[in-house]
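Asks: Chains as they are written, first to last, in this note's numbering: chain A, -13 to 172; chain B, 322 to 1326; chain C, 18 to 126.
None of these hints come from the bench; they were simulated from the model. Just so you know, even glycine gets a beta-carbon here, dropped at the ideal spot from N, CA and C. A couple of the hints might just be wrong.
Keeping only pairs whose Cα atoms sit at most 30 Å apart, straight-line, the calculated DSSO-like set for lysine-lysine is [what the hints assert, rightly or not]: (1) LYS373(B) - LYS346(B); (2) LYS30(A) - LYS101(A); (3) LYS1310(B) - LYS74(A); (4) LYS1310(B) - LYS1323(B); (5) LYS751(B) - LYS24(A); (6) LYS107(C) - LYS1007(B); (7) LYS713(B) - LYS77(A); (8) LYS416(B) - LYS74(A); (9) LYS1210(B) - LYS44(C); (10) LYS110(C) - LYS26(A); (11) LYS373(B) - LYS803(B); (12) LYS803(B) - LYS44(C); (13) LYS707(B) - LYS663(B); (14) LYS77(A) - LYS1021(B).
Listed next, with one range per pair, are the computed distances between beta-carbon atoms [said to hold, decoys possible]: (15) THR33(C) - ASP668(B): 55 to 63 Å; (16) GLU56(C) - GLU1254(B): 31 to 39 Å; (17) SER121(C) - GLY555(B): 52 to 60 Å; (18) THR46(A) - SER121(C): 53 to 61 Å; (19) GLY1195(B) - ILE112(C): 36 to 44 Å.
Listed here are the chains, written in short residue letters.
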Amino acid sequence: MSEARSALPNAKFDGIAHVEDAGLRGMISFRGDLSASKVKAALKAVSGVEMPSQRGCNVTGESGLAWMSPDEILVMVPHAEAAAAVEKLSKALKGQHFMAENVSDARAVFTVAGKHAREVIGKLAPVDMGTFQTGEIRRTRIAQVAAAFWMHGPDAFTVVCFRSGAQYMFDVLSVAAQSGSEVGVY
Amino acid sequence: MSTRLAKGGARIDRSKPVTFSFNGKSLKGFEGDTLASALLANDQMMMGRSFKYHRPRGVVASGAEEPNALMNMGEGSKFEPNQRATTTELFEGLKAGSQNHWPSLEFDVGVVNNALARFLPAGFYYKTFLFPRFAWKHIYEPIVRQSAGLGRAPDKETRDADTYEHFYFFADIVVIGGGLAGLQAAKTAALSGAKVLLMEQDPHWGGRASVDGGELDGAPVADYIAALVAELEGMENVTLRTRMMGAGVYDHGYLLGYERLRDHAPKVAGPRHRLWRIRAGQIITATGAIERPLSFAGNDIPGVMLAGALRDYIADYGVSAGDRVVVVTNNDDAYKTALAVKAVGLDVPVIIDARAAGGGAIADEARAQGIRIENGKAIAKVTGGKRVKSVKICAQAGEGGVLEEIACDAVAMSGGWSPVVHLWSHCGGKLVWDEEHAMFRPDETRPPLGASGEGFVVPAGAANGVMDMGVGLADADHAGRKAVEALGLTPVDVSLPMFDQAAEAPLEPVWMMPQGAGPKLRMKAWLDYQNDVKVSDVQLAAREGYESVEHTKRYTTLGMATDQGKLSNINGLAVLSESLGQAIPDTGTTTFRPPYTPISMGAIGGEARGEVFQPLRRTPMHAWHEAHNATFEPVGQWRRPYAYPRGEESVHEAVNREILATRASLGLLDASTLGKLIVKGPDAGKFLDMLYTNMMSSLKPGKCRYGLMCSENGFLSDDGVVVRLDEETFLCHTTTGGAERIHGHMEEWLQTEWWDWQVYVTNATEQWAQIGVVGPNSRKVLEKLGGVDVSKEALGFMEYTSGKLGGFDARIFRISFAGELSYEIAVPASQGAALWDALFEAGAEYDATPYGTEAMHVMRAEKGFIMIGDETDGTIIPQDLGLHWAISKKKEDFLGKRAQEREFMANPERWQLVGLETVDGSVIPDGAYAVSEGTNANGQRNVEGRVTSTYYSPTLGKGIAMGLLHKGPDRMGETVEFPGTDGKSYSAKVVSAVFYDPEGEKQNV
Amino acid sequence: MLILECPYCGVKGEETEFHGGGEAHLKRFGPGSSDADFETYLFMRENPKGVHLERWRHVNGCGKWFHVARCTMTLEVFGSYSAQTLEPPKEIKDILSAKRPGWSWRNFS
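The following block holds chain A by itself, in its conformation from the complex (with noise of 0.2 Å):
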């Protein structure tokens, strides 16, 4: 195979936060009844990590769960690993109703770093940033497209877009990363 390429790669931006091109990540929507030990298993087996409740997200480098909805999980896995992934899910849910869709390539990845890049995700999405914490997926629009973001580090955020809006996405956080645009309440 060809060399895989994420949207941007190595696009960087320094400002009053650090934004940048997370790379490929593997991602799996998960569509099944999330209350199913079987599908706890399934899921643990290949991310590794225990069932987030609701709005939660466990995430450990690259692998990981995020709770989407009450039947959807996105899985994180490295993004050689994906398609192996929904294999194993696959496998262990033969016979279940349940949908796992590699999705790994539909999205672009971005970290937004600093001491105030709480602030530079307030101004482009309607979340209160101020009680924001670790552990949290937050799906909401940023400007004026859909996205999910969680925090994962203190002052590190990952933020998550439809692949096609990677320029777009990193324009805006660009813009609200400018120099001198400190809002200084957080």
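Add chains B and C to chain A, keeping to what the hints say.
Replies: Chains B and C in isolation, oriented as in the chain A frame:
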């Protein structure tokens, strides 16, 4: 003259001089000055000319309510008109110019309007410019545009050089206004544990409290304010912002805060304005009060100012408006101005008090200072042109007989104070008329209601009609407690400072000065300075039958200027009430609408400008398209290549070349934008049978089927190829614009109607880059890449396979939209650009040609394939397009089936799809209608059809079209007329819509 | 701008996260239904001054449809509830009865 005093000015720093320019003249001010105070310090009382009569106008106020001192600010890409000098902070290098005059502020030709004033009464636009009709555009409009208007529009070529942004913020309690009341209310709220945001529009805390002096707890008011601010700054749960105005209050506690970050420091990097989009649990409006002018003749002559403003300039900026200041009032408060003027060693020749009984204790104090006081008197007239020269005094009770003329160079007037109720009222808070103080104040029993159905705005202090400082502090504390309680918290007790309030004599409402002023005086008594509306105009409107205040406002333009009548509204509706012989509350107020003062368009737009004005969606091959000179076409938010012109080639020539190359050998299309929805589950087939008009449950795995989707109303909504990937899984292709819509449509039916069906849907559109490999050599190029067997035997028409293709993880669909042998190859988006490159490399020997959406459209039209959005417009059913074959007769139900059974849908008179071939080979204009004999009731030609798609076909060398025609299929061979808007008529023969390869031999090889 | 609470993900979000979907609790009429029933299903809508039951989708969020009981006069939101129901649940009806005694909406009261 107005001048800088030797001492004083709490807000200025005399050690820091600032140079600025006004109308090209270089002037000096100090750091902390506003543009208005600096101009006054330079004896520049006249600051502009009025809107309609071009009368000389000076500054009247000291804050956001200023109607006259509007400036053109900055130059080039930093230019902005209509900036209030009173709220513009002075900075080094500031460039301002006055507005609405030609050739200069001092000498203005437009002032001729002033002499014609009696011919320009209220509503003169409506009365004068009726006939003749042609004159509207060619005579009246140019004249009105030339003589009216305030600042000039920025040059068309310039673009705002600044950036702007939004910021979402959430607080339990937001206090608007950082005067004494706001600070006190914030303290109570914060100590009770609420998360508090306190905003102040000025750069300073404390509002006007320290101007009027006095002591709180035995210390100067300024000290108390400083301590309060320091205390609040030290609290974790409090956010304090200056230069931030509460612009508007909206439903459910939504509040806009307009923060001016760089207006005072334009050279510092960063956004100019920030619009805070705040969600507040409770909002406390501590927005203060605005002083009202008095209506006497000549009350607009430069030098006539609000009494409070005149002493603001003395106290805050060390600037006097004049050497001899006459004070005219109907209340005690204005006496403070007289005392302030006296205290800096200037002269107050007389205080004219309209009240027969005069003032209270403060009047005695003024008398003790040797100031002459005339009770029961009024100003009959102010004399002067560009500057006040004198006032003529008369009895308030009379008609204006002059008793005495007193020389002066400034007049300080006060008609009482009106609470700033705007933010209380924006979202529906009601007002009550306070007879004692002659003002509307918030009716606390009828606040705006929030999401819970409870009130969410609490007024505090002067904004609540409490003008007394001590009582105001208690009122602010009460407001803080009330807001805290509304949030379910327990308010803590906060000790309030002692304040010794002198008893005031009551105000007496004065709406006309003198009371019996005749027409001549009323014609020179201004209500609305900014829109040049006089007492006589409102009275005329009343005589002409305008009873509603909303109508009068529009007829006279009272309160319709950029200041929204902050000074004029109450006076205006009092005059209207008097004219109508009714009480003021019976007249009521006009509606208060956001924003409180104008906010910049830039702030409203926020980050959405330039490249990120709207989101653009790009495919994985977008960079290649750009590098290959593609002209792009917007399809929803996507940008798709329309054509790839080479060298000197026109776009049209490129389209023709792309089509011919594809039909002759090999064309490549970036089809990544096509919607790709995965539908999976035991009930997936049953679900798709409901969504499509066709039977999809019978599709075999590995097969493709073209399907149609209709709305419940029966109309075509989308189409595309459905592929059964395995027993339980379908891949539904949608149109480019339909992916999100159809995904939503599927989720809607699954979640809200058939929630017991076992089906999951995922929108996988962007997971895949999809490439159309089209033309007689398409198979050869795929075979050259190697891997999956794509031979005729292994992969028949309308079949699907997957596997490694030249090393790529590919899904291969043998489908055709161009009528050639063709394949659509889908690979994960991260591999899309690489596959695209590989196909061109392998296809080089076949002259692989990229083609855009226009070539795609022409080729599908040559084959008679419909396009959603061209052949359909939301009123077309599949039967109109001859697609009966795609509508299952076996199914009991599908979305749209019941609707299509309605009489009108089954009517044989409906226009139906046919092909159209021009007799002379020309191309019928887009959107042309076919005409028939006779005219309709409106005298228009009867029509019997219309063109839906029309192109030049390079394959056939002539114009082809598709169209809907009355009884079309029955009229093959007939000639139909299509008049164009170019004066020509196009004759076209009715033919089959399939122009190219009707037997399908080319795609089936 | 309204604040709504999505009963599926628990987010209390502003209106820009949501998309209004018109009247709630419509009963579908398909093939075999009378013209009158079909017309009512497709076109006839409540336009109350006061209590209204309506559909919303958390489109910039979890993607779920839900129902909201709301006052069209004051914009008060009485509550949101599941889309997988044919009528408002008892809790919602109780709130409506407490806040708008005598309320009725179509055949609910």
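Asks: Now tell me, hint by hint, if it's right for this structure.
Replies: Hints and how they fare:
no.	hint	result
1	LYS373(B) - LYS346(B)	holds, 26 Å
2	LYS30(A) - LYS101(A)	violated, 33 Å
3	LYS1310(B) - LYS74(A)	violated, 61 Å
4	LYS1310(B) - LYS1323(B)	holds, 26 Å
5	LYS751(B) - LYS24(A)	violated, 59 Å
6	LYS107(C) - LYS1007(B)	violated, 33 Å
7	LYS713(B) - LYS77(A)	violated, 99 Å
8	LYS416(B) - LYS74(A)	violated, 70 Å
9	LYS1210(B) - LYS44(C)	holds, 25 Å
10	LYS110(C) - LYS26(A)	violated, 36 Å
11	LYS373(B) - LYS803(B)	violated, 47 Å
12	LYS803(B) - LYS44(C)	violated, 46 Å
13	LYS707(B) - LYS663(B)	holds, 25 Å
14	LYS77(A) - LYS1021(B)	holds, 23 Å
15	THR33(C) - ASP668(B): 55 to 63 Å	holds, 60 Å
16	GLU56(C) - GLU1254(B): 31 to 39 Å	holds, 35 Å
17	SER121(C) - GLY555(B): 52 to 60 Å	holds, 55 Å
18	THR46(A) - SER121(C): 53 to 61 Å	holds, 54 Å
19	GLY1195(B) - ILE112(C): 36 to 44 Å	holds, 39 Å
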